[in-house]
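Asker: All chains, full assembly: derive it from the sequences and hints.
Chains F and U supply the protein sequences, listed in that same order.
FYI, the numbering for the first sequence is 1 to 294, going by this note's numbering.
FYI, the numbering for the second sequence is 295 to 713, going by this note's numbering.
Please keep in mind that the hints were generated in silico from the structure rather than gathered at the bench.
Note that this is a predicted model, so its numbers are computed, not measured.
Certain hints may be false.
What the hints assert, rightly or not - Derived DSSO-like pairs: lysine-lysine, alpha-carbon spacing no greater than 30 Å straight-line:
#1 Lys-712/U x Lys-362/U
#2 Lys-477/U x Lys-443/U
#3 Lys-564/U x Lys-253/F
#4 Lys-662/U x Lys-641/U
#5 Lys-608/U x Lys-332/U
#6 Lys-503/U x Lys-253/F
#7 Lys-55/F x Lys-711/U
#8 Lys-253/F x Lys-502/U
#9 Lys-564/U x Lys-662/U
#10 Lys-253/F x Lys-711/U
#11 Lys-477/U x Lys-641/U
#12 Lys-65/F x Lys-531/U
#13 Lys-389/U x Lys-55/F
#14 Lys-712/U x Lys-253/F
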Amino acid sequence: MSGDSRILGLFYLSPYIIGLLVFTALPFAASFYLSFTDYNLMSAPVFTGLDNYWKLFTGDRTFRKSLWVTLVYVFTTVPLKLAFALFIAVILNYKLKFINFFRTAFYVPSILGGSIAIAVMWRYLFADVGIVNMGLATLGIEPVNWFGDPTNALFTITLLRLWQFGSAMVIFLAALQSIDKSLYEAASIDGAGKFATFWHITMPLITPVIFFNLIMQMVQAFQEFNGPYIITQGGPLKSTYLLPLYIYEEAFKRFDMGYASAIAWVLFVIIMVLTLIAFWSSRHWVYYAGDKRS
Amino acid sequence: MKLTKLLLATAFAATSLAPLAHSADLRMSWWGGDSRHKATQVALKACGDKYGHTIAAEFTGWDGHLEKVTTQIAGGTEADIMQINWPWLPLFSIKGDGFADLNQYKDVIDLSQWAPEELDAGSMNGKLNGLSVSTTGRVFMFNKTALDKAGVPVPKTWDELFAAAKQLKTKVGPDAYPMNAVKETAVLLISLYATQKTGKDLVDPAAKKVAWTQEELAAAIDFYGKLVSEGVVVSQKNNAAEGNLNLFESPKWADGRISGSYEWDSTFSKYADPLKGQVLQPVGMLKNAVAKTEGVYRKPSMVFSISKRSKNPKAAAQIVNCLLNEPEGITALGTSRGLPASKIAAKMLTDAGKIEPQIVAAHDIIMKAKGPTVSPLNEHPEVRAVFLDTLEEYSYEQLDSKEAAEQIIEGVNDVLKKF
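Answerer: Structure, rendered in structure tokens:
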């Protein structure tokens, strides 16, 4: 490659590189430094060593509660969302009438799902006199206190996340359509039933996509903010107080940016460790090109 | 030839723009409801036209506004003119250097329109950081139409309030309530009861500690518990079930099923507007015979501040003066931020009959009622968070009133130690 081409290439890449440095790398490094400081946004940060982390792991009941709620939320929503997305993708893989309409209709919620408007709509749907309780009443079921009962509130927020299964579904659908049809024909000739075909042919062949969706959905679930912020404000009794909400309130309501940065770094480490575990485990269950990865 | 034409055109454009050379592009941020948003935009247009400035409007609801302003100030991107809540002054400018010192613009802003104590309230460390827009306080307000329809008299004491709840349940139904008290309003109702009983504000300014004993605060929390158990106010749990709606957005407020609340007098219009065709009546401080004081929670309302980083502070000062002291701004803003603190604005609106009688009545109640001086630390975000979180635990029966009082006092004292 000539020198001119190299410069031109760097020039084309520069918007991305500058954006990455300014909006990702710099805040990333700054937050790491701030996590070792006492910084109230209005005056210069004061270095305090490991004080923030010490407080986090020894004396902060709210952090422990928030971490537990976040883990419950992630370990509930991610498997359910993946299972539901795969289930719908399998159905939409059949040649049905108006199939393109149904594919679009199921995808739309994932575009709208994270928006403020949908979170507000959720608030009305699950209100004490909302459509959900009205529907239950027609079945003779007592109305449920979705947001006011600590045991139900997290479930309601979880449902909002599940409703946004469209993007995972589209990826599953693409994977299902890329499977060689001759494999199904061979299985059929050998007398395999539908479940056996799905379990022994479809599932192994889409494990790379399951793995990809697992990582993406897990990272996104750990970062959930809009739903609990708009619908429950983290309550009642901090039952929906996910870590991003706690980080936000520490930073912008209590003006403790140093402590908020420390929580953010703990969250980052948790996501990183779980991602590494997922990568390590993938050796045992993800198959590429039909062969078990070495 | 082309170049000559271009140069001539540029010279002509520069000449024609010369009279506007003093004009400035400004930004102003505020929080509020629809009526305030509309009035302020009209006022900014009028004042902008008068001085040849353009002012971009940045407005939100109350929720999240502190976070927005904090982020902007930390990033140095705040608006030139800001509506700042009075208790936020110590957060942003404890040494007085967080905002522009408006004393430097007294040739532009007519400071004689404010009483010296009002200017003191907006000053930090001797620097005038904000001009008081109005004095405000919490006032009781009842939907008179809804109560009349049910044949229930408007309550004037705590005992009458409890009696009203019983009558409403009988005559209207189990989901009729004469009062609303969730979250911040619940905190302030508890504070009101404790203040009436003790004659003291929450914060002892000299000792920098909570002024109430654990028993006194526990009694006030028990009082709130009684309000819930006797159906005077909706419980926190049931309010959450409705989706944590603001009262003024709630259908139950609009149709009169909730027929009273305890709100800032400056927000009277926000609560009156949804009650189409119904009368919202401000009422004097509810109390019982044994109360040591009416316990009014009165404070300077929001202030208008100018960014210390504004590139056009003088132009911003012109707009602030126009909004608060000149006919164009006064007429357009009206009572969208309560009754104005500026003498000339108050006189102009009163003379013109522009102030609704109920707003005058609400403000009169606040100004005439007695109570201890309120510390701005009552509304420090951490103090408020301790109170709100503990009250939620009490409401969900995780704590009894004594434990809740102990937790609040310990938590608030921890925050007060920092000042």
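Asker: Against this structure, judge whether each hint is valid.
Answerer: Hints versus structure:
no.: 1; hint: Lys-712/U x Lys-362/U; verdict: holds (24 Å)
no.: 2; hint: Lys-477/U x Lys-443/U; verdict: holds (29 Å)
no.: 3; hint: Lys-564/U x Lys-253/F; verdict: holds (25 Å)
no.: 4; hint: Lys-662/U x Lys-641/U; verdict: holds (19 Å)
no.: 5; hint: Lys-608/U x Lys-332/U; verdict: holds (25 Å)
no.: 6; hint: Lys-503/U x Lys-253/F; verdict: holds (22 Å)
no.: 7; hint: Lys-55/F x Lys-711/U; verdict: holds (18 Å)
no.: 8; hint: Lys-253/F x Lys-502/U; verdict: holds (22 Å)
no.: 9; hint: Lys-564/U x Lys-662/U; verdict: holds (23 Å)
no.: 10; hint: Lys-253/F x Lys-711/U; verdict: holds (19 Å)
no.: 11; hint: Lys-477/U x Lys-641/U; verdict: violated (36 Å)
no.: 12; hint: Lys-65/F x Lys-531/U; verdict: holds (20 Å)
no.: 13; hint: Lys-389/U x Lys-55/F; verdict: holds (29 Å)
no.: 14; hint: Lys-712/U x Lys-253/F; verdict: holds (16 Å)
Hint compliance for this structure: hint 11 is the single one not met.
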